[in-house]
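Colleague: Residues per chain, in single letters:
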Amino acid sequence: MTTPVLQARGLVKRYGHVTALDGADFDLMPGEVLAVIGDNGAGKTSLIKALTGALEPDSGEIMLDGKPVRFRSPIDARRHGIETVYQDLAVAASLDIATNMFLGREVRKPGILGRVFRMLDKKHMREESAKHMASLKIGLRSLTQPVESLSGGQRQGVAVARAVAWATHVVVMDEPTAALGVKESGQVLDMIRRVRDGGTPVVLISHNMPHVFEIADRIHVQRLGRRVAQIKPGDHNMAEVVAIMTGALQVTEGKAVVADKGAAEAIGLS
Amino acid sequence: MAVMEATLPRRLITTPVAGPAIALVLACLFFALNSPQFLTGPNFSLIIQQVMVVGTLAIGQTLIILTAGIDLACGAIMAFGGIVMTKLAVDSGLPPLLAVAAGLAVCAGFGLVNGLLVMKISLPPFIVTLGMLNVVFALTHIYSNEQTITDLPPLLTFLGQTFQIGQTNVTYGSLLTILLFLLFAYLLGSTAWGRHVYALGNSPEVARLTGIRTGRLTVGVYTLAGLVYGIAALLLVSRTGVGDPQAGQTDNLDSITAVVLGGTSLFGGRGLVIGTLVGALIVGVFRNGLQLMGVPSIYQTLITGVLVILAVAVDQLSRRRNR
Numbered sequence: 001m002t003t004p005v006l007q008a009r010g011l012v013k014r015y016g017h018v019t020a021l022d023g024a025d026f027d028l029m030p031g032e033v034l035a036v037i038g039d040n041g042a043g044k045t046s047l048i049k050a051l052t053g054a055l056e057p058d059s060g061e062i063m064l065d066g067k068p069v070r071f072r073s074p075i076d077a078r079r080h081g082i083e084t085v086y087q088d089l090a091v092a093a094s095l096d097i098a099t100n101m102f103l104g105r106e107v108r109k110p111g112i113l114g115r116v117f118r119m120l121d122k123k124h125m126r127e128e129s130a131k132h133m134a135s136l137k138i139g140l141r142s143l144t145q146p147v148e149s150l151s152g153g154q155r156q157g158v159a160v161a162r163a164v165a166w167a168t169h170v171v172v173m174d175e176p177t178a179a180l181g182v183k184e185s186g187q188v189l190d191m192i193r194r195v196r197d198g199g200t201p202v203v204l205i206s207h208n209m210p211h212v213f214e215i216a217d218r219i220h221v222q223r224l225g226r227r228v229a230q231i232k233p234g235d236h237n238m239a240e241v242v243a244i245m246t247g248a249l250q251v252t253e254g255k256a257v258v259a260d261k262g263a264a265e266a267i268g269l270s
Numbered sequence: 001m002a003v004m005e006a007t008l009p010r011r012l013i014t015t016p017v018a019g020p021a022i023a024l025v026l027a028c029l030f031f032a033l034n035s036p037q038f039l040t041g042p043n044f045s046l047i048i049q050q051v052m053v054v055g056t057l058a059i060g061q062t063l064i065i066l067t068a069g070i071d072l073a074c075g076a077i078m079a080f081g082g083i084v085m086t087k088l089a090v091d092s093g094l095p096p097l098l099a100v101a102a103g104l105a106v107c108a109g110f111g112l113v114n115g116l117l118v119m120k121i122s123l124p125p126f127i128v129t130l131g132m133l134n135v136v137f138a139l140t141h142i143y144s145n146e147q148t149i150t151d152l153p154p155l156l157t158f159l160g161q162t163f164q165i166g167q168t169n170v171t172y173g174s175l176l177t178i179l180l181f182l183l184f185a186y187l188l189g190s191t192a193w194g195r196h197v198y199a200l201g202n203s204p205e206v207a208r209l210t211g212i213r214t215g216r217l218t219v220g221v222y223t224l225a226g227l228v229y230g231i232a233a234l235l236l237v238s239r240t241g242v243g244d245p246q247a248g249q250t251d252n253l254d255s256i257t258a259v260v261l262g263g264t265s266l267f268g269g270r271g272l273v274i275g276t277l278v279g280a281l282i283v284g285v286f287r288n289g290l291q292l293m294g295v296p297s298i299y300q301t302l303i304t305g306v307l308v309i310l311a312v313a314v315d316q317l318s319r320r321r322n323r
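Those sequence lines, one after another, are chains A and B. For the record, in the first sequence the residue sitting at position 135 is 135 according to full-length UniProt numbering, with numbers rising by one throughout. For the record, in the second sequence the residue sitting at position 19 is 19 according to full-length UniProt numbering, with numbers rising by one throughout.
One chain only, chain A, in its complex shape (with noise of 0.2 Å):
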């Protein structure tokens, strides 16, 4: 059996009264695009935070290559090669796309003018990211043009492009369409795919239905703090997964069994 590339066990984190993740598992397997679905409040965002390194767990385990890690930040998971879009804390405006790659990894020449004079290699990081957009098929004008001068979904694009070109494991993109219109949404889910096909596995967190059906390999449903199920998008219909979601229906062995029957029936299941 393949190790899974990311995986949690048994994750439990409290907020005083508040349970938001009680016991959560989570697996991510090589290469897939697996989608994380769930109401407000089940805890996806505890859950993608802790995978993230942005929250520290109460308790439980998480598992990289199959090997007990910790991070105690996003730059702790950034080291592991774990690399996180965000929705809207994509990019820096006023910096160039190149600037935006290389925020935070910044080259510097070699020699004298590097070491002595901190001096950048400006050149060096706009071939490089020339390279990382192209293999995306982001099209650009220039590189050197300031973030905010492009559009919602290029910008995004930018943001996904710097997350791959740094992810060595895992990308996490949270609700990374939400802001965007149908176009450049199908534009991000595009990039998705070649992320995946670059051998990339992806974590796609997303209240979009019919785009987690169109991208995902698997979803993730959690629910009350915890995994309640793991489907293949080809096994069920969305209302099935909804139902899922709401607790409506549970699987259990892969099948799914009506567990409240009134509300199954209140959405045409039954």
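Hints were generated in silico from the structure; no laboratory data involved. There could be a bad hint or two in this list.
To give an idea of the interface, some chain A residues facing chain B are shown, with a C-beta separation under 7 Å as derived from the structure [what the hints assert, rightly or not]:
1) 95
2) 103
3) 104
4) 120
A short list of chain A residues far from chain B (calculated; beta carbon distances all over 12 Å) [stated by the list, open to error]:
5) 74
6) 92
7) 113
8) 146
9) 209
10) 247
11) 250
Estimated spans, in silico, between C-beta atoms of each pair [to be verified]:
12) 128/A to 122/B: 31 to 39 Å
13) 123/B to 258/A: 50 to 58 Å
14) 317/B to 25/A: 22 to 30 Å
15) 179/A to 121/B: 28 to 36 Å
16) 128/A to 36/B: 51 to 59 Å
17) 179/A to 312/B: 24 to 32 Å
18) 58/A to 124/B: 33 to 41 Å
19) 198/A to 22/B: 46 to 54 Å
Keep in mind the model is a prediction, meaning the values are calculated, not measured. Where is the CB? At the ideal position from N, CA and C, for every residue including glycine.
Dock chain B against the given chain A, drawing on the hints supplied.
Modeller: Below, chain B without anything else, positioned relative to chain A:
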């Protein structure tokens, strides 16, 4: 698809310094046509001497404004630094070099305190530096006993000495100011630190998530600005030849004026330190030119005010168009 570089002319037009630079050239042309003395070497040397103190303060101010902060205490810190340098050297008999070093350290120390308050307690920079303005102003008067310190050792006035370029006398202080501008243009434009300052001003959260240590960066920027104010203090002392507790009282606003006229956005993350030099020169050229034309000095203040509002309006309008 091929990714092309922006061509040089395009970059010149889009640089935020283009507007201020054009304004400066137009102002120079106007005054050159209206006063025969204006376009002379000695007069330009004088203008630079007149703007070098505020200009140097404005370098530190630019750093802070780029992080979306503001520093109302810069002039007061400079005045205190000047008193420390002169009082230690004259009254306490410290070796002048040590006195200067102490003054620089004290200024950097105030910057450090500002930075720590902004970072650790997340107080708005406006409030922190407003408080610090009063604290430092009071300290200056307490420490100096309201006395002006005279009879300075030569080291403290060295930057006021001149050397000749052609027929024109240029002070070492003017040279130092220009070198400082070039140094910070390099640091902001060509080092990772500079990129991080811009990123911080754009959005602290974005900067943090990309792995930049924003807390350390903030404290570093305020401390470095403080050190620059210390250099401004030395420039001030060497220009006036005295340690004056009354010095620099409007220089905080004048330095903000220079930054804003130079096209740097008060919202942070946008602007160039060379723009600040242009901004400082605009103020200097207007003051000097109007003076040569015999316009009363109160009109110089009036015109400076109008220019500031114009500059910010242009910044706002161009940002709106970009959206």
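Colleague: State for each hint whether it applies.
Modeller: Hint-by-hint comparison with the structure:
1. 95: With a closest approach of 6 Å, the residue 95/A hint holds.
2. 103: Status holds, d = 4 Å.
3. 104: Interface hint status for residue 104/A: holds (4 Å vs cutoff 7 Å).
4. 120: The hint holds - residue 120/A has a Cβ within 7 Å of chain B, the shortest such distance being about 6 Å.
5. 74: 6 Å, violated
6. 92: 4 Å, violated
7. 113: 9 Å, violated
8. 146: 8 Å, violated
9. 209: With a cut-off of 12 Å, residue 209/A remains clear of chain B, as the shortest Cβ separation is near 28 Å.
10. 247: 33 Å, holds
11. 250: 37 Å, holds
12. 128/A to 122/B: 31 to 39 Å: 36 Å, holds
13. 123/B to 258/A: 50 to 58 Å: For residue 123/B and residue 258/A the Cβ distance comes to about 57 Å; the hint holds.
14. 317/B to 25/A: 22 to 30 Å: 54 Å, violated
15. 179/A to 121/B: 28 to 36 Å: For residue 179/A and residue 121/B the Cβ distance comes to about 33 Å; the hint holds.
16. 128/A to 36/B: 51 to 59 Å: 56 Å, holds
17. 179/A to 312/B: 24 to 32 Å: Since residue 179/A and residue 312/B have Cβ atoms about 29 Å apart, the given range 24 to 32 Å holds.
18. 58/A to 124/B: 33 to 41 Å: 34 Å, holds
19. 198/A to 22/B: 46 to 54 Å: 47 Å, holds
When held up to the earlier numbered hints, the structure conflicts with 5, 6, 7, 8 and 14 and fits the remainder.
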